[in-house]
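So the sequence lines, in the order shown, correspond to chains D and G.
With our numbering applied, the first sequence corresponds to residues 1 to 239, in that order.
With our numbering applied, the second sequence corresponds to residues 1001 to 1283, in that order.
Some hints could be false.
Straight line, CA to CA, 25 Å or less: simulated BS3-like cross-link-like pairs of lysine-lysine [stated by the list, open to error]: (1) G:1171 to D:61; (2) D:78 to G:1171; (3) D:78 to D:112.
Far from chain G by the CB rule (all over 10 Å, computed), these chain D residues [said to hold, decoys possible]: (4) 30; (5) 62; (6) 74; (7) 182.
Worth flagging that the hints you see were computed from the coordinates, not collected in a lab.
Computed from a predicted model, the values in this text were never measured in an experiment.
C-beta: ideal position from N, C-alpha, C; glycine also.
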Amino acid sequence: MKRQSMALLEIENLEAFYGRARSLHGIGLEVEAGSIVGIIGPNGAGKSTLLDSILGLTKAKGDIRFDGTSIVGLPSTKIVRMGIGYAPERGHLFPFMGVRDNLLVGAHTVPKDAEKNLATVYGLFPALKSRERQETGTQSGGERQMVSLGRALMSRPRLLIVDEPTIGLAPKICGDIASALRRMNQELGMTILLTEQNVNFAMHLANDIHVLETGEIRLSGSAGELRDDPQLREAYFGN
Amino acid sequence: MINVLIQGLALSGLYALLAVGFTMIFSVGRVLNLAYGVYIMLGGYMYYTAVQVLGLPKIGGFAFAIASGIAFGVLTYTILVRRLEDNPVAVEIATLILAVVMQSLIILIYRPVSKSMWPVVQGVFRYEGVFVTYNLLVAMVVSWVALAGLLLFVRYTRYGRAIQAVSMDRKGAVISGIDPRQMNLATWAISGALGALAGVFFATYTQLNPSMWVGPLIVAVAVVVVGGIGSIIGSLIVAHIIGFMETFTTALIAAELRGVFTMILIIVVLVVAPKGLFGRSEL
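The following block holds chain D by itself, in its conformation from the complex (with noise of 0.2 Å):
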């Protein structure tokens, strides 16, 4: 019998591994389609583990489903076909490329739509646009990022995942980054599950948030729920 569940990605049981080291104990949870979800937690606590392993680029067991389908063991480019976008920790960018050239390797799986999605990533980020040419490499981190969310929705995914967006960045340059994830999630139907260590971000932005530390899911809830938990307030507010 079919689940009566409207979660577009669901994990249950997720074990990770770096070699022998087992680094995700057991994580479950579920991102419901439309929605923000959030994981917050302390470096090391494995939020990019998490995540590489939802994109099958780390030894992982337990089950994941994308909408509806196990995607656990599969190769990393069918589950991107399937249609997950992935702007990682540190961008992955192509360094020696223009900025257009970086997105256009983004629309891989989907070349007839190079040019649509390019013009939606520079309707989002009008920066990128002027700079079309400029090498990633020589760029500041602020356009990095843009480039990387930019890559990453160019095969207008249905599920955008992205770790630490905020990471390193003006608190300016955060709030430009909030608003076009907004945009991706109302204008363009994009569920969106991303990390943070920038708790307040996460909190203003997520529907809901999931607590994570040393591999391990302590806390979740919905934003509101968390926002006036005692627990997290003395763990990341110190107040």
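With chain D fixed as given, assemble chain G onto it according to the hints.
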């Protein structure tokens, strides 16, 4: 003097074509393919077999040579390199052994003697004390056309960009839906084709013999080491440095020493600038 310059230019064009297939594999797969010289040797011997043994037209000779270069490149990658992917040293050892095995096979089939190849184009260009064989001029033009085509392919096509992406950031390429193995395979096929094409002209420039894979391999290694790069433009520049150096050595000192200076250059650059003169390893 003008004569030496033109000779140098023509030889450099051929060297650029020799080296670029090798540097592509280095920049995309991060491995040194020491069997690369075999593609060059194979190109020469296959053209010779097709044209001088079987009597096929020259165009058939080229097709035969390039097809065998592609086939050998693809086989080297799928049978050997893909299994050793995470271990560059193992790839180097395995490809070097492969080259020696192929040398033995060539000796077995074609005997250990040198064979001379007919030039692809007959005749000598003479003008006011300048004389260059048409063969070398054609080699130069073909090299430039092939290199320009390669550059356009890599910069402006979807697959070319995907190959570049793998060379610059493998993870970035994977999350864009690109299969690095597929791009590696394409690179090895292109490399085999370019090597074999260069091999036809190289064999007519020198001679066919079972150890002819060594010289071009040293040139190709020199281009990677001296340039420190897998960039196509960079390969062109370094190929010209080496080509002119060898031509001047031959003209002004002694023909026997020309390869020696290339090797000295490799060692000097390794000591002085271990990352190479341009210090970049992406395509």
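Which earlier hints turn out false for this structure, listed by number in ascending order?
When the structure is compared with the hints, none of them turns out to be violated.
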